[in-house]
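J.: The primary structure of each chain is shown beneath.
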Amino acid sequence: MAEGILCNKSPINTKEELYALLNDKSGKQYYQQMKDLEVDGDALWATIQKSMKSRLKTWLEICAHCGMCADSCFLYLANDKDPKQVPSYKIQSTLGEIVKRKGQVDNEFMRHVMDVAWSQCTCCNRCGMYCPFGIDMGVMFSYLRGLCFTQGFVPWEMKIGSGMHRVFRAQMDVTSEDWVDTCEWMAEEYEDDWPGLTIPVDKEDADIIYTVNAREPKHYPEDLAEAAILFHLAGENWTVPSEGWEETSLAMFAGDWEGCKLQVESVYDAIIRLRPKRMVVTECGHAYRATVIEGPYWTGRKSGQPPVETLHYVEWVAEALRTGKIKIDPAKKIKEPVTYQDSCNYIRNAGLGDIAREIMSYIAEDFREMKPNREHNFCCGGGGGFNGIGCYREQRNKGLIVKRDQILETGAKLVISPCHNCWDAIRDLEEVFKIGIRWSFLKPLLIEMAIVPEHLKVQEEEEEA
Amino acid sequence: MYAFVTGPLAWLAFGIFFIGLIYRAVWYIRGLDWKADRVAYTEYPSYGFRGAVRSIFFWLIPFGTRSWRFYPGMTILFFVFHIGLLFTPVFLRAHNMILAERWGFSLPVISDTTADFLTIIVLAAAVFIILRRIALPEVRNLTTAYDILLIVITAAPFLTGLFAYHHIGNYQFWLIVHILSGEIWLIAIPFTKLSHFLLFFMSRAQLGMDYGIKRGGMKSKGLAW
Ligand code: HEM
Ligand code: HEM
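Chains as they are written, first to last, in this note's numbering: chain P, 1 to 465; chain E, 1001 to 1225.
Same shape as in the complex, but just chain P (with noise of 0.2 Å):
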């Protein structure tokens, strides 16, 4: 089997070849590899055989090609209605070519799987909303990408996140120490203005575990200043974990099953270890996803929960807000246009719709809906990694104008978006189209809007004393 040294059908285990990958400046010899990939067709067949149950072999087979699902896809829409960005038309073309040919495809077929699997769909999973037989495309490419992953027909980006899971229980190189380090450095630049202000790393049977996304660590440190700063005005008794604090899974966009499940156990293990009451994860929304709706499956925990109840980030704010652990001062909610962009993983697929518009009902006065929206809207154009890989860049920012047009339509400049691949992609939006708006998590928005109770507020005459 012909595999290049780079591009190759085996996941990435160690820091030697992560970074060997990672030097390969935008994947450039790795792309050049791929076209030498060999495709191990039997394999390939076996694997399907093994993991095609009866649920998507009947998708497969049922879908009455009648096209109701084409003006649910936004890259559809986005791409002047291209009868090729029907749902059902790439996965049929894709994966339903393969299974039709028992998994002897070529090389040049399989490169185009990943393009479409990678760059035609975010897996937003808004399709299957919209067929009549219940088809969830974004399912389907779910699984395509496993397929895709285990020929390593994966895009660099993703192959490389996958590598980072596994090397370090985390997206991004940041080790442990580097984790816990970032958090002492964050308590003791914010001590100043929040006395008291700490960031309890391993405390036993605290209230709440909070978990992040490693790009808070590595390049926003302040978001967990943040969230700190809001535990501490809400009294909470938190800690994080020294290991198991990523919640996010590159793995779970690269197709990497293996690696979904060793960084979720990671997490899992803290909070065995720990026995917090609850765990509360970042404003992220695939985080949430990955670790506490299909976690719980790629460990085999029957249940389908994680070990302990899990809140995403909006579901502790509207708690906070709604108990008044947190109080908004009313004169200094937002008065101007705001909307807020529903993020698929946790709205969609998670159920929150109605947590976010409690959250808005007491920070906003004028909160308008995009539309469509809750469980319906639209991806907000890089999901699914889509953001993060550099060779369909300018497929992404083609995506992206169902979004920028979505928000135009509300007459908002101020769009909340609680997680970190809406955030990106709004950021990225603004950047590309220049349409004036401004984009936001949660978090600094209440700081800056909650009452500081006087016993936690900075003592000013002590200082003097």
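Simulated from the structure, these hints should not be mistaken for laboratory data. Heads up, the beta-carbon is just placed ideally off N, CA and C, and yes, glycines get one too. Worth double-checking, as some hints may not be accurate.
Not the full set, but computed from the structure, chain P residues with beta-carbon under 7 Å of chain E [unchecked claim]:
{"hint": "1", "residue": "61"}
{"hint": "2", "residue": "79"}
{"hint": "3", "residue": "83"}
{"hint": "4", "residue": "130"}
{"hint": "5", "residue": "349"}
Guided by the hints, dock chain E with the ligands onto chain P, whose structure is given.
T.: This is chain E with the ligands only, laid out in the frame that chain P set:
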């Protein structure tokens, strides 16, 4: 000939139809795998049941879902076609007469005029479904010869039944062709994607359980289909 097509061949067709559908149902349910599908099917029966029922119910109501409302033309075509498809043969007077003759029982029947009307409606809907497939680029691109063949198989008993009933052309000929086409119809259901006759309910229930148990059903009022 008449004796043969209404005798052994009819037995065969109905036998294949029923056994085939039962086989399909058993095969589907046995192939559900909580770990591979990532849905804890049996852990939360009440959430699963609610999800499944909602997922089927809203889709059986004309304009009951966002998707049906989004494509009003298609929705009307679909419901007219399917209501005629299911209702007519079951409550047809001629069919029930045969039933009474052979089995000694029959169902309530509709008048022959109603039957004629429904038959023509089914045929007209079939024509429009085919035209839609040709007219809309996004549907044309999906359409295969197999799709057209299935529409033809589906509509054939209606056309031939109409000819026979109205004695258009040779009655004996059209009656035999009608019965044969009806038998092809029955046999095709379990073997082709006309199996959606049953699998529609299975597949919808599955996705409903997926949303009801795993994807938010336990934290919301249920997906707004
Ligand atoms: C398999 C055995 C079947 C037998 C023995 C049978 C027999 C008949 C007979 C005797 C008639 C009446 C013709 C007349 O008036 O002289 C008839 C009409 C009709 N049959 Fe069937 N049929 C069969 C299957 C089907 C199926 C599967 C369908 C539809 C899916 C169907 C749809 C119709 C319709 C729509 C008419 C009447 C058309 C009209 O009144 O305008 N038949 N059939
Ligand atoms: C309870 C029973 C049934 C249900 C719920 C059902 C449901 C559906 C649905 C959801 C579609 C796809 C959407 C669409 O194309 O509009 C469809 C298409 C279709 N069904 Fe059924 N069906 C049923 C029974 C049957 C039967 C018994 C037949 C004929 C043997 C049939 C023939 C067809 C055909 C030919 C199409 C394709 C229409 C097209 O080309 O667009 N259906 N059905």
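J.: Compare the structure with each hint and give your call.
T.: Hint-by-hint comparison with the structure:
no.	hint	verdict
1	61	6 Å, holds
2	79	11 Å, violated
3	83	4 Å, holds
4	130	4 Å, holds
5	349	5 Å, holds
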